[in-house]
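Trainee: Chain by chain, the residues:
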Amino acid sequence: MRKSFVKAVMVLVVMTIAATSLVAQSYAIVFKNTGNPYGEKQMAGFKAGIEEQKLTAILRAPDAPTAEAQIAIIQQLIAQKVAGICIVGNDFDALQPVLQQAMKANIKVWSLDSSVNPASRAFHVNQSSTDLIGRTEVQAAYDMIGGKGEIAILSATSQASNQNAWIEVMKQELKLPKYKDIKLDKVAYGDDLRDKSVSEAQGLLASFPNLKVIIAPTTVGIAAAGKVITDKGLIGKVFVTGLGLPSEMATYIENGACPYMFLWNPIDLGYLGAYAGVALVNGKITGKVGDKFTAGKLGAYTITKSGDGGTEVILGPPFKFDAKNIADWKSVY
Amino acid sequence: MSEREISIDRPRSLKRFFFQWEWLLVLIFVAVNIINSGLSPYYLNFGSLIGSTNSFLDMAFLVLPMTFVIILGNIDISVASTVALSAVIMAVGFNAGLPMPLAMLLCLVVSTLCGLFNGFLMVKFKELSAVIVTLSTMIIYRGIAYVILEDQAAGHFPPWFSFLAWGSIGPVPFILIVFAVCALAFGLLLHKTSFGRKVFAMGNNLTAARYSGIKTDSVIIAVSALTGLMAGFTALFLTSRMGSTRPNVALGYELSVIAMVVLGGVSTAGGAGRIGGPILAIFIIGYLNYGLGLVNIKANVLLIIIGSLLILSVLVLNLRFGGHRRPAPPIARMIAAGKAPDEKA
Amino acid sequence: MSDIILELREITKTFPGVRALDGVGFQLKKGEIHALMGENGAGKSTLIKVITGVYQPDSGQILLDGKPVSIRGPLDSQRLGIAAIYQHVTCYPDLSVAENIFIGHEKINPITRGIHWKELHAQAAELLESLDADFDSKAIMGNLSVAQQQIVEIAKALSAKARIVIMDEPTAPLTKRESEDLYRIAEGLRDRGVSIIFISHRLEDMYRLASRVTVFRDSRFVGTWAVDKISRDELIVAMVGRSITQLFPKRKVSIGEEVLKVEGLSRTGYFKDVSFSVRKGEILAMTGLVGAGRTEVCEAIYGITRADSGRVFLAGKELRAAHPSEALAKGIGYLPEDRLKQGLVLEWAIAANVTLPSLAQFSSFGWMNRRREELKAKELAEKLQVKANSVHDLVATLSGGNQQKVIVAKLLTGDMKVIILDEPTKGVDVGAKAAIFEIMNELAAAGYGIVMVSSEMPEVLGMSDRIVVMREGRVSATMDTADATQEKILGAAMAAARTADAAVTEQA
Amino acid sequence: MSADTKTPTTRGRIVRSGEGFRELGLLVFIAILAAAFQIRNHNFLTIANIKDLLTNTAILGILAVGMMLVLITGGIDLSIGATIALAGMTSALTGMALPHINPLLSILEGMAVGLAVGSVIGLLVARFKVLPIIATLGIMNIVRGVTYIESKGAWVSSYQMSKAFTDISTGTTFGVNNLVVIAVFIFIVFWYFVNHTKTGRRIYAIGSNPEAADISGIPRRKLLWLVYAIMGVLSGLAGVLWVSKFASAQGDTALGYELNVIAACVLGGVSISGGAGKVSGLLLGTILLGILNNALPLINVSPFWQQFIQGIVILAAVLTNVAVKRNNQRLALRKRAI
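Chains as they are written, first to last, in our numbering: chain A, 1 to 333; chain B, 1 to 345; chain C, 1 to 508; chain D, 1 to 338.
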């Protein structure tokens, strides 16, 4: 009885697998970790982009955001002989060996959102230029406090490559004479954990009584900071800005703890990643500067030089979410 | 009283032979493989089957000494942090100009020192359980790694270094060969030498072992150092696999490693177990991950499957093999606060 | 109406491969102390477990007050007024004395539904007082001495209003004086109308206390006699199935030069200024109350603990053993007091246990030679007449006496000069006792110097050449056995005042 | 019975001396640590910060109480982080679907989810004799996976929660934060439970000597089950409070939090091998860990040093305790006249 059930299940599964593998080309996206709504949206956008072109999409993400787990997944994808792998890296360098293995097996590799180093990718699909994101956030803080006062940064983990790149830009930017009256007190790390981010935000407020702005380039951090400021009744005295999901931040944008913040559309980003990848696999582009391709409904894109020495394609400037538009977006992503 | 003949024949019976936990593991292993090859056309391919071992074997080096640790009735949750610290120091050493072979040696030395420090604490402070000692050093070792590398990654190793994790001799991955050698060595050490005998004796009855003149402190330190050394091996292969390293590598390895050892039939009460079980468990979990990964099963479903496998196999173990296994005491009847069995008032 | 309170008829209990009880019967009268005797493995413990409901008999009948009852679990037997005090005290070391007494039937405050501590402690104190206890009901159980813990167990039985109290080898871990206290308590219980089943290996326990005795042998009932109607020799024949002519077969051996010499050995809080010596072929008895520091001195010599000052000489050379391995290497072997905890790996085979102290001998470059190990184990096991079929038999399956022989075998694998035996006959049945004494004599004849720690006056007097008596951590007397009497030894062992206290303090 | 041997004795007291030492040592350690932090940053011992500290530590405390019971029986529960996530996510999803649901019902719902998980673990451990570490490791994976599936990878965000729901954790009762009130309440209830009720004392008994428990007819299985069920209920409660406090429910909520909870117990003197542990010690252990989490961001050291300092402090606390104990023993030995 049980045996026949197992058999039946196996036959069924084999049939579906066989059916799907008939579709010659499958494209895989490997996100950072599972259960992350930002990632789910990005993967959904990727899937939409791939399926629009009548191809198969494979969506993968490990249960914890580690490079080790992504390496194992990429090895499995190599064994499946997928056409292309779109990687949202948990580590800038650590995926290089396995991604080069993939390339050796004639699999095209490109990174999305959180990049891997140029040696392990054809190009990077960037949400926005790293410089622009860093600059925009510092400018936002400047505007919120009239160009004068103390600020602090509350990031994800100290190992997060995207966040670290943005923070680096912010620090460079703050050296400009324009920002001479703005003092960066501290870069704190909340490790993208709710409890730790809250403790760190509270610590910033307690350690630096003159703190005016917390910049948090990560959803968990910005929401935690918004929550702390709201609970402490500091709305209007201390501001939060940075990057965050509109859904998570709706409350704090509406109540004024965060006058405005930025993000891009993760669905569009995934969609762009899909089109860019298919163009790469089909040989329309190779990833060198000046390559052009059309990304479905998003229109035409050109590959440009990126800050890390490789090439990239940029989705567009970050989108500004404020009290006026947040209601439209909070239920979208 | 008449002189009585005492035989020296070893007891042998078919029932005894087949009524072993390892057979169940073999069955599970075969089942996993059958299911996997049914699921994915890419699975049953000698090249990828043997080649895929490099995706899970780096952690396996920790399973070998952890088997010793758990047979001793202890537990070590600092292994993953030891991996991170030794990998970081190796990378920093190399980037500071040390030749790569020396940097690799440094990695093993550092990891062994970490193990020795654990052993030292356990021996000098017998009132403390191994959980407490290694919980503290777990935080400290990774803490040092963060202090050293901060938010940086370190790498740029010479190209040949990647051979460790990615290279193969013929169709057989280099890491599999090294692991086989290590597994053989640990198996012989545990089952064929006086050292292994001492480990079992201490796990069964630490006090009696001490009264029998076994240098229990030395054995604990030796096992801790071995654990450290193998953490260094994991660090080498993991770093080679990733081409660079960071303070947050190998996060959470300790629980996976402990799960494999226990799935392998080693009693967490100490004193019982064989090396074959944990080795089979490595391949069961490794191939299960790999095979289900080939059909792109979601990570959360995989979590449920592995969790269920763990519980089901132990359930079977208890219901079917319940008779001759010792009852389940706490995480380990180890040298716990105030109750050191080895300590006279 | 008969005065039989408990009767067992045709009880049979089998375990896989073993028939533990074979159609046995047993009768217990109201208000009597009934001794239950037999060698280890004769079925006494199984019988007790049947009475207390831990085991269910396969067949047979249990009658309480003449009515058949079925006892399905420990709770049932408690309800019927049966309480047992087990061989290895089954207490809760982390809980207080009062809680240990009342666990299972705690006093509950009807209003708060919490434990009624005041009443609990008051009742506990009352019980303890009636038993002449010298400790508080709030003391933590784990900090008490074994004798004190036993008093708690008895208080526990009383608190449950037990009509039948079973004492399973209660005197085994006790000194003579403590045993004497226990006798008085048992008699007190009897006078209150409680029936007592008393299991012991000590014949003197039985003669001192019991009015009737029942003997079991090989899972069978042998007989029940009034104690004054059966002679000592007849009793031994009933138990062992043959007569043991001489319990203390002391032979004359030639005593050689001094092999172990202890000078002014001290350890803060345990013992002070201990000096004695042992010669080749000599058996030196070390006696005194439990807690007088005998075991501690031996452990310091053997390297389990370290003495703070003083010196130990082995064959003229100073020995500073920091660890048992050093003592063993130099030629001192120690048979520990607690064979289950300190002496054996119970789940292991005989062979592996025997070779444990000298693994280096059975391995080359660390590689175990199992053949050599098995042969040596066979040789020693046969020499010591261990009752086993194979050297691969698990030690856990052996009787106490045979387990003790395995520990002796452990000491004989190495090249020993001095062997220290700490309470070698504790909890060992009569037949095995004689065997162990014989082994001791053979060892002495073979030129070993032997130190025997013992609380049993007859064996001290019967076996030794010289006697060292310890009291409160000091040597209070050294005498030749030829000149010793029981009175002399007791006089030296007990100080004028606070002896019981001293015995207690040592346990902390 | 002769009266002459009856000597009034203080043994009971002698035997018990040193019992309170552990707590005292920990208290002194905490005081020194607090003083050091205060010197480093004067904002540490302010009312506002102590409020933060207590609020942030409340959930840890609630969980530590349950974990103490589990550890006393000689077990361990690694699944609580996952249970927190599942209970929190479930109550948040319900709250999203039914915005006007009474927050008390949400709490009950979370506790029910926790009870279900705890019951299964209890069943595995008590009935099927699965080792606690394995049973809870397996359940941890399963529960975490179920949470991800239940939430379909999405989070429940602040705007999707009713004010009544988030007020559970941010509201106050008599001027004290609700979380702190709940934690204090639980500490008092469990202090009474473990010290003054039959069941509570029997939990110590089964951890102290399981074999004896069987012989004396204590329902060991039922108590084991109960302990894991209680742990589950408290995890469920903590899950709702967590989600309410942070106004966000994620699939990876409280990932790895079990280690913090175990650390709090260990620092509080709960024995990993079972039988021993006191609520007073546990409270101090929890507070010590709470101080570390609160103060490390405050003392303005490089964030990269935080983990190292945390580890050193934990090791120091544990070793100090050993030193105090040993010294205590040595003094007791010296006093013993020979």
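Hints may contain errors.
[As the list claims (entries may be wrong)] Derived lysine-lysine pairs resembling DSS-like cross-links, with alpha carbons at most 30 Å apart:
#	chain 1	residue 1	chain 2	residue 2
1	D	LYS198	C	LYS138
2	C	LYS272	D	LYS335
3	C	LYS176	B	LYS192
4	D	LYS163	B	LYS298
5	C	LYS107	D	LYS325
6	B	LYS215	C	LYS417
7	C	LYS341	B	LYS192
8	B	LYS215	C	LYS272
9	D	LYS51	C	LYS107
10	C	LYS383	B	LYS192
11	C	LYS317	B	LYS215
12	A	LYS232	D	LYS198
13	A	LYS212	D	LYS129
14	A	LYS237	D	LYS51
15	B	LYS215	C	LYS107
16	B	LYS124	C	LYS30
17	D	LYS163	A	LYS320
18	C	LYS387	B	LYS192
19	D	LYS129	C	LYS176
20	D	LYS51	A	LYS186
21	D	LYS51	A	LYS183
22	B	LYS215	C	LYS176
23	C	LYS107	D	LYS152
24	C	LYS341	D	LYS152
25	C	LYS341	D	LYS163
26	D	LYS163	A	LYS212
27	B	LYS215	D	LYS325
28	A	LYS81	B	LYS298
29	A	LYS104	B	LYS298
30	D	LYS152	A	LYS320
31	B	LYS124	C	LYS383
32	D	LYS163	B	LYS124
Hints were generated in silico from the structure; no laboratory data involved.
Trainee: Looking back at the numbered hints, which does the structure fail to meet, lowest number first?
Mentor: 3, 4, 5, 9, 12, 13, 15, 16, 19, 22, 23, 24, 25, 31 and 32
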